[in-house]
Amino acid sequence: MTRVSEHLNQALHDLMESDPAVHLLGEDVSDPYGGAFKITKGLSDRFGSRVRSTPLSEGALAGVGAGLALAGDKAVVEIMFSDFVALAFDQIANFAAKSTAMYGRPVPVPLIVRCPTGGNRGYGPTHSQSLQKHFIGVPGLSLFEMTPFHDAGGLFARMFALGRPCLFFEDKVLYTRHMYRLDDLFRFELAGDVARVVLDGAAEPDCTLVTHGGLVHRTLDAMRTLLLEDELVCELLVPAQLYPVPRLPGLEDARHVCVIDDGGEGGSWSSEVARVLYPRLWGGLRRPITLVNSADAVIPAAPHLERGVLVQADRIRAAVLEAVS
Amino acid sequence: MIVTAASPQSLRPPPSDRDLRSLLLIRHFELALLRLFEQGAVSGTTHTCLGQEYIPVALAPLLLDDDFVFSNHRGHGHFLARHAEPYGLLAEIMGREGALCGGVGGSQHVYHRRFLSTGVQGESLPVATGVALKLAGSGALACAYVGDGTWGEGAVYEALNMAALWRLPLLVVVEHNGIAQSTPTPAQLAGTIGARAAAFGVRHHRVTSTDVEEIRSELAPLVAAVRSEPSPLVAEFVTHRIGPHSKGDDTRSPEEIDRARRSDWHTRYAAADPERFARLDREQQEFVDRLVAEIAARPPATPPAPSASAPAPEPATGRRP
Ligand SMILES: Cc1ncc(C[n+]2csc(CCOP(=O)(O)OP(=O)(O)O)c2C)c(N)n1
Ligand SMILES: [Mg+2]
Chain D
1 MTRVSEHLNQ
11 ALHDLMESDP
21 AVHLLGEDVS
31 DPYGGAFKIT
41 KGLSDRFGSR
51 VRSTPLSEGA
61 LAGVGAGLAL
71 AGDKAVVEIM
81 FSDFVALAFD
91 QIANFAAKST
101 AMYGRPVPVP
111 LIVRCPTGGN
121 RGYGPTHSQS
131 LQKHFIGVPG
141 LSLFEMTPFH
151 DAGGLFARMF
161 ALGRPCLFFE
171 DKVLYTRHMY
181 RLDDLFRFEL
191 AGDVARVVLD
201 GAAEPDCTLV
211 THGGLVHRTL
221 DAMRTLLLED
231 ELVCELLVPA
241 QLYPVPRLPG
251 LEDARHVCVI
261 DDGGEGGSWS
271 SEVARVLYPR
281 LWGGLRRPIT
291 LVNSADAVIP
301 AAPHLERGVL
311 VQADRIRAAV
321 LEAVS
Chain H
1 MIVTAASPQS
11 LRPPPSDRDL
21 RSLLLIRHFE
31 LALLRLFEQG
41 AVSGTTHTCL
51 GQEYIPVALA
61 PLLLDDDFVF
71 SNHRGHGHFL
81 ARHAEPYGLL
91 AEIMGREGAL
101 CGGVGGSQHV
111 YHRRFLSTGV
121 QGESLPVATG
131 VALKLAGSGA
141 LACAYVGDGT
151 WGEGAVYEAL
161 NMAALWRLPL
171 LVVVEHNGIA
181 QSTPTPAQLA
191 GTIGARAAAF
201 GVRHHRVTST
211 DVEEIRSELA
221 PLVAAVRSEP
231 SPLVAEFVTH
241 RIGPHSKGDD
251 TRSPEEIDRA
261 RRSDWHTRYA
271 AADPERFARL
281 DREQQEFVDR
291 LVAEIAARPP
301 ATPPAPSASA
311 PAPEPATGRR
321 P
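Taken in sequence, the protein lines are chains D and H. Number 325 marks the last residue of the first sequence (this note's numbering); no jumps. Number 321 marks the last residue of the second sequence (this note's numbering); no jumps.
Treat the hints with care, since some could be wrong.
Unchecked claim - Here are some, though not all, of the chain D residues that point toward chain H, as calculated from beta-carbon distances under 10 Å:
id, residue
1, Asp31
2, Leu56
3, Leu87
4, His127
5, Val298
Said to hold, decoys possible - Cβ-Cβ distance ranges computed for the label pairs, FRET-style:
id, chain 1, residue 1, chain 2, residue 2, range
6, H, Gly40, D, Glu252, 46 to 54 Å
7, D, Gln10, H, Pro13, 56 to 64 Å
8, H, Tyr87, D, Arg177, 35 to 43 Å
9, H, Ala305, D, Val276, 46 to 54 Å
10, D, Met102, H, Trp166, 34 to 42 Å
11, H, Ala220, D, Arg177, 51 to 59 Å
Note that these hints are calculated values from the structure, not bench results. From the three backbone atoms N, C-alpha and C, an ideal C-beta is built for every residue, glycine too.
Given only the sequences and the hints, what does the whole structure look like? Please build it.
So this is what it looks like as C-alpha cells:
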C-alpha cells in the first residue's frame with residue numbers, strides 16, 4: 001500500500017531517471033529536508049544539480065522553470081504552499097502560458113508547477129487555499145490535480161507532452177491517504193482521463209457527483225452515508241485534468257449532477273464544469289446542476305472555524321439530499 | 001554560516017527585571033507551544049523564536065505607541081515584547097475564547113492595535129512602506145521584521161527603493177539567523193544584506209550583541225534619525241535559531257544546532273546573575289503554566305458575525321513629537 005506522497009515521490013524519481021532533460025526547482029526541496037511535504041525526498045542526492053533548492057523567490061522560480069523549458073529542457077517547479085503561486089502569477093499567465101502562442105508560431109514550454117494545496121490542517125488563511133479557480137481560462141495554461149486513482153507518472157508524462165505549462169495541484173491531506181484504495185462498498189475504473197467510482201452492482205445512480213482529487217475522500221464519506229442512511233446511490237467522476245474540463249463520461253442519463261469544489265464559491269472550477277455540461281445535458285436535466293463550494297470567506301486557522309468554511313462530507317450529503325428530495 | 005555572537009561576558013549594565021521577565025515569558029511561551037503541538041493539543045503550524053527573543057525585547061523601548069509594527073511567521077516574540085497580552089495571543093493560536101483575531105488568523109496572522117503579522121514572506125514590506133508614507137513627518141515610524149531568507153522576495157527591493165526615494169521612516173529589522181527553513185544563508189543569499197541596503201543608499205547597521213542594553217544604545221540614535229530625518233534604516237541582527245523551523249523539522253546536524261545553542265542569550269543571562277535569573281525564570285514558567293491551563297480550559301472562539309462591519313482601524317496619523 002502506497003501513500004499518495006510516496007507515490008508522487010516515486011513518480012518524480014522515475015521521471016528524472018528516465019529523462020535527463022528534467023530539472024526540479026523549489027524552496028527547500030533538497031535533501032535531507034526533501035521539501036516541506038517530503039515529496040522531493042532523495043532527488044537531490046540522486047540527481048545532483050538537476051535538483052535545486054532556491055531562495056524564497058516564487059516569481060523568479062516559475063520564470064527560471066520557463067527559461068529552462070524555453071531552452072529545450074523540462075522543468076518541474078514546486079511552490080511550497082500553493083497560496084504563494086500568487087507571487088508567480090505573472091510568470092505563469094503572462095509569460096509561460098502566453099509564450100506558447102504569442103510569437104506567431106507554437107513555442108513549446110514544458111513546465112509543471114506543482115502546488116501543494118488545500119486546508120483542513122489548521123494552517124490558517126495564507127496556507128490553506130485552493131486557488132485553482134484563479135488560473136482557469138488562461139490561454140495556453142492547463143490545470144491538473146493529483147487524485148488517488150491516477151498514476152502520477154502518467155500525469156507528468158501527459159503534462160510534458162502538451163508542451164505547454166501546467167499547474168499540478170496536490171491536496172495536502174491527500175498526501176497522507178493511500179493510492180487506489182476504496183472501502184468495500186465502491187470500486188473505480190478509469191474512463192480515459194476520468195476516474196469513475198461506482199457502487200458495486202448498483203443500477204442507475206440517483207445522483208452523479210463530480211469532484212477533484214483533494215475532495216475525493218470527503219465525497220466518498222458522503223456517498224457512504226447517503227447510501228447507508230438515506231438509501232441514495234451516487235456515482236462519482238474525478239477528472240485529473242481540471243482545465244480545460246475534459247469530457248465527463250456517462251452523464252447523458254444522469255438524474256442529477258452535483259459538482260463539488262474546495263475553492264470558494266464564485267468564479268469557481270465547479271461553475272466552469274457546469275458551464276461545460278449545460279449545453280450537453282440541457283435536454284435531460286430535471287433541475288439545475290448543484291454546485292457545492294467552500295464558503296466565500298477567508299479560511300480561518302482555528303480548526304472548528306476552518307471546518308465550517310471548507311467543504312465537508314456533511315455539506316455534500318445535505319446538498320445531494322436537498323437536490324434529489 | 002554561523003556567525004558567533006559576542007563572546008560571553010557579564011552584561012553591563014545588567015538587564016532590568018522587566019527585560020528579563022519579557023525575555024523569559026517569550027521563551028516559556030514558545031516552549032509551551034512546542035509541547036502543546038507535540039501533545040496534539042494544537043493543530044496547524046507554528047514558528048517559535050527560540051534564541052531570538054532578545055531582538056524584540058531590545059527594540060521594545062525604542063518603539064513608540066504611534067509606531068506601526070509589521071511581523072512575520074515567527075512573530076510571537078515580536079508581539080509579546082510590544083503588547084503584554086499573552087492571553088489573547090495564546091487564545092488566538094489555540095482558537096479559544098478571547099482570541100485576538102477571533103481565531104481566524106492564528107499564529108501567523110495577527111492584527112492588534114498597531115501590530116500586524118502575515119504569513120506570506122516579503123508581503124509586509126511594501127505595506128509598511130505605505131504606512132511609513134502616511135507617518136512621515138509625524139515622528140512615528142513603520143517597523144517591519146523580516147528574516148534573511150525573505151530577502152529572496154522581489155517585493156523587499158521594490159519597497160526599499162520607494163522608501164529610500166521618498167525618504168520614509170521605515171525601520172527594517174532583519175533577523176539574520178543564518179537559515180531559511182532548511183536552507184543555509186550562503187545557499188540562498190548572494191552578497192550581503194549590508195551591500196544590498198547600500199545599493200539603495202539605505203543606512204544599514206549590523207548588530208552582533210545579544211545584550212539588550214548594549215543593543216539599545218547602539219540603535220537609539222539611528223532609530224531617532226529614522227523618525228526625524230525621516231529615512232529608512234536596515235538593522236540587521238546576527239542571531240541564531242536554536243529551535244526547529246516550525247515543529248520537528250530541523251534537519252541540521254546536532255553539531256550545527258549545538259553551535260547555534262552556544263550563542264543563546266539565555267546561557268549568558270543565566271550565568272551573569274544566576275540567583276535573580278533563576279527566580280524570574282521560575283516565576284515566568286509558572287505564569288506560562290497557568291496561562292496554558294486557563295486558555296486550554298476556555299471554549300472555542302466564536303466566529304466573528306458575518307454581518308459585523310469591519311472594526312475601525314487604529315488611525316495611523318501619529319502625533320507630532
Ligand atoms: C512567499 C512565501 N514563500 C515561502 C514561504 C514558506 N516559508 C515560511 S518561513 C520560510 C523561511 C523564511 O526564512 P527567513 O526569512 O530567513 O526567516 P526565518 O524563518 O529564518 O525566521 C519559508 C520558506 C512563505 N511563508 N511565504
Ligand atoms: Mg532566517
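Here is how each hint holds up against the structure:
Restraint check, Asp31(D) versus chain H: the minimum CB separation of about 8 Å is within 10 Å; hint holds. Annotation: Leu56(D) was flagged as interfacial toward chain H, and the flag holds, the nearest CB pair being 4 Å apart, inside 10 Å. At a threshold of 10 Å, the smallest CB-CB gap from Leu87(D) to chain H is about 8 Å, leaving the interface hint in force. Given the 10 Å rule on beta carbons, the hint for His127(D) holds: about 6 Å separates it from the nearest Cβ of chain H.
Taking 10 Å as the C-beta contact cut-off toward chain H, the hint placing Val298(D) at the interface holds, the least distance being around 6 Å. Separation of Gly40(H) from Glu252(D) is about 48 Å and conforms to the stated range, judged on CB atoms against 46 to 54 Å. Distance hint check for Gln10(D) and Pro13(H): the Cβ-Cβ separation is about 60 Å, which falls inside the suggested range of 56 to 64 Å. In this structure the supplied range 35 to 43 Å holds for Tyr87(H) paired with Arg177(D), their Cβ-Cβ distance being about 38 Å.
Separation of Ala305(H) from Val276(D) is about 37 Å and departs from the stated range, judged on CB atoms against 46 to 54 Å. Distance hint check for Met102(D) and Trp166(H): the Cβ-Cβ separation is about 36 Å, which falls inside the suggested range of 34 to 42 Å. Remark: the range hint 51 to 59 Å for Ala220(H) to Arg177(D) is upheld by a beta-carbon distance near 55 Å.
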